[in-house]
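Enquirer: Protein sequence lines, in the order shown, are assigned to chains A and B.
When the first sequence is numbered by UniProt numbering, its final residue is 81 and no position is left out of the sequence of numbers.
When the second sequence is numbered by UniProt numbering, its final residue is 81 and no position is left out of the sequence of numbers.
Any given hint could be a false lead.
Just so you know, same-sequence chains aren't split out, so a pair can sit in one copy or run between any two.
Claimed, not checked - In the EDC-like style, the derived pairs of lysine to aspartate or glutamate whose C-alpha atoms are separated by at most 20 Å in a straight line are: (1) K11 to E36; (2) K41 to E61; (3) K41 to D16; (4) K11 to D52; (5) K58 to D32; (6) K58 to E36; (7) K11 to E46; (8) K11 to D53; (9) K41 to E70; (10) K58 to E71; (11) K11 to D49; (12) K58 to D48; (13) K11 to D48; (14) K41 to E71; (15) K11 to D32; (16) K58 to E13; (17) K58 to D16; (18) K58 to E70; (19) K11 to E70; (20) K11 to E61.
To be clear, the hints were calculated from the coordinates, so they are not data collected in a lab.
Quick caveat: nothing in here was measured; it's all calculated off a predicted structure.
There are 2 protein chains.
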Amino acid sequence: MARVVVSVMPKAEILDPQGQAIVRALPRLGFDGVTEVRQGKRFELEVDDAIDDATLAKIAESFLANTVIEEWTVTRVDGGE
Amino acid sequence: MARVVVSVMPKAEILDPQGQAIVRALPRLGFDGVTEVRQGKRFELEVDDAIDDATLAKIAESFLANTVIEEWTVTRVDGGE
Chain A
1 MARVVVSVMP
11 KAEILDPQGQ
21 AIVRALPRLG
31 FDGVTEVRQG
41 KRFELEVDDA
51 IDDATLAKIA
61 ESFLANTVIE
71 EWTVTRVDGG
81 E
Chain B
1 MARVVVSVMP
11 KAEILDPQGQ
21 AIVRALPRLG
31 FDGVTEVRQG
41 KRFELEVDDA
51 IDDATLAKIA
61 ESFLANTVIE
71 EWTVTRVDGG
81 E
């Protein structure tokens with residue numbers, strides 16, 4: 001078994017209203033100095049060792065991310081990230 | 001400026017219906033061998049260098065995560081993760 005992390009983030013040119021809401025809220029809560037926040041998704045998968053990187057890329061691209069507005073990365077982690 | 005990634009994941013003992021829906025859908029789509037999926041959130045922050053780890057932990061704990069059902073990690077990344 002292998003542990004895989006798929007990160008899905010809004011593309012840089014795409015407006016991220018959730019992230020913007022967080023940036024605006026932080027000073028009100030007393031936290032200054034955060035200039036940008038973007039919010040995306042993180043998937044942690046347990047996969048058979050037989051699954052190769054091409055298959056993982058296909059899962060991320062076709063199923064976990066909306067590639068019109070999101071970019072994705074696949075990372076294999078060994079023993080926790 | 002520093003780049004910080006905050007990962008927020010459902011706690012192990014908490015049911016994750018989104019992740020379970022993904023696990024069940026993958027075989028129908030022709031992807032076998034994924035035995036577990038958990039879905040969480042990933043935040044990418046741009047912060048001033050003056051912000052210390054304790055402040056980042058406070059932001060993650062009090063604002064980005066619901067610590068009743070979620071666990072969080074803060075990672076400083078230099079030049080992309």
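Enquirer: Which earlier hints can't be squared with this structure?
Expert: Numbers 4, 8, 11, 13, 15, 16 and 17, in rising order.
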